[in-house]
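Under my numbering, the first residue of the sequence shown carries the number 3, and numbering increases by one thereafter.
No lab work stands behind these hints, which were simulated from the structure alone. For clarity, every value in this text was computed on a predicted model and none was experimentally measured. Treat the hints loosely; a few may be bogus.
[Unchecked claim] In silico lysine-lysine, DSS-like type, Cα no more than 30 Å apart, as pairs:
{"no.": "1", "residue 1": "Lys237", "residue 2": "Lys261"}
{"no.": "2", "residue 1": "Lys219", "residue 2": "Lys237"}
{"no.": "3", "residue 1": "Lys284", "residue 2": "Lys261"}
{"no.": "4", "residue 1": "Lys216", "residue 2": "Lys261"}
{"no.": "5", "residue 1": "Lys216", "residue 2": "Lys282"}
{"no.": "6", "residue 1": "Lys284", "residue 2": "Lys216"}
{"no.": "7", "residue 1": "Lys237", "residue 2": "Lys284"}
{"no.": "8", "residue 1": "Lys282", "residue 2": "Lys191"}
{"no.": "9", "residue 1": "Lys284", "residue 2": "Lys219"}
{"no.": "10", "residue 1": "Lys284", "residue 2": "Lys191"}
{"no.": "11", "residue 1": "Lys215", "residue 2": "Lys282"}
{"no.": "12", "residue 1": "Lys215", "residue 2": "Lys284"}
{"no.": "13", "residue 1": "Lys246", "residue 2": "Lys191"}
{"no.": "14", "residue 1": "Lys282", "residue 2": "Lys219"}
{"no.": "15", "residue 1": "Lys282", "residue 2": "Lys237"}
{"no.": "16", "residue 1": "Lys191", "residue 2": "Lys237"}
{"no.": "17", "residue 1": "Lys237", "residue 2": "Lys216"}
[As the list claims (entries may be wrong)] Between beta-carbon pairs, the in silico distance windows are:
{"no.": "18", "residue 1": "Glu166", "residue 2": "Lys63", "range": "33 to 41 Å"}
{"no.": "19", "residue 1": "Thr262", "residue 2": "Glu163", "range": "56 to 64 Å"}
{"no.": "20", "residue 1": "Glu166", "residue 2": "Met90", "range": "42 to 50 Å"}
{"no.": "21", "residue 1": "Tyr173", "residue 2": "His34", "range": "37 to 45 Å"}
{"no.": "22", "residue 1": "Tyr247", "residue 2": "Glu163", "range": "22 to 30 Å"}
{"no.": "23", "residue 1": "Leu92", "residue 2": "Tyr252", "range": "51 to 59 Å"}
Glycine included, every Cβ here is placed at the ideal spot set by N, Cα and C.
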Amino acid sequence: MSGRSNLFIIFLSALAGMLVYLINFTVYGADHRSILTQLLNIVLILLISYIVRIVLEDIIKKKARTTKERYNMRKISSAFITLIASGMLLVIFFKETTTLIVAYGVFSAGLVIALQDVFRNLAGGIMLLVTRPFNAGDRIQMGESFGDVLDITYFHTTLMEIQEWVDGDQYTGRIMNVPNSFLLSGTVKNYTRHFSFIWDEARISLIPGSNWKKAQKIIFETVDNLVSIAVMNAKVELLNLEQKYLLTTYDVETQTYIKTENDRIDIYVRYIVNPRQRRKLKNTIIQEIMQAFDAEEDITLGTISSIEVSDSLGTAAAKSKVTD
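With the sequences and hints as input, model every part of the structure.
Here it is in structure tokens:
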């Protein structure tokens, strides 16, 4: 239990003790017993709810086996405690059902008008909890925001940002809070939910006269060897995905394609990769292909653009050119 938690419990306990004293041992308490009793009940509900939440968090820390399991259990317990406490507070304020309905209607109408953005975020949060387009730990894109989901609340989603000034889908170090109202009108792109791979593509350019058949074979064998385990795992995930969606392709094998330009021969290689390993794998692919080409006298690189990469997350990769 943190020091802040201790202080809050002490504060609520002291407030409850003061109210008990006013109700039972002062003239003011005798004259305003009803109001003070309501306040005492409110304080006791808050105090008990807070203590229960802390106790449950301690139990979850001991019982949960993974970080994700601990996060989900904490969210569920927190939502349950909040719901119960809110219901008890409403009963204290509005003992008659008719009064409760009328008061709630008037109060809700006023809040919706005054706090439109807040309620849009809340509506988006409820939609998020019901439809579950993403979970904590997923890599997503919300509008122009890219990142890994750190936390989901009723009003906003917290992301660890990727991209921006950093290439290769790596973290920038900035924490982003994206309002959940975005879900009401925007599109969420999930890179890891249900299927934990993406397709990536690289272009290798050769000068005219190079042995393109040999180069194509080297490129294919190099990449295929590096992604062989990912291909097997992707096939298993696609079989599971078929139970949920209508799939139109099972093509996760490494593929190469040829295209000729006036001053070069372009060889494209398409492969599957875990989105969090994209830059690391690309670096390994480039190094191994270039090392293999160095040993071949009849293969000469013309231009390398990254070796130009078709970015699966929608941004252009940095380009470096080497001219023969």
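| What are the numbers of the hints the structure violates, in ascending order? | Per hint list: 19 and 21 violated.
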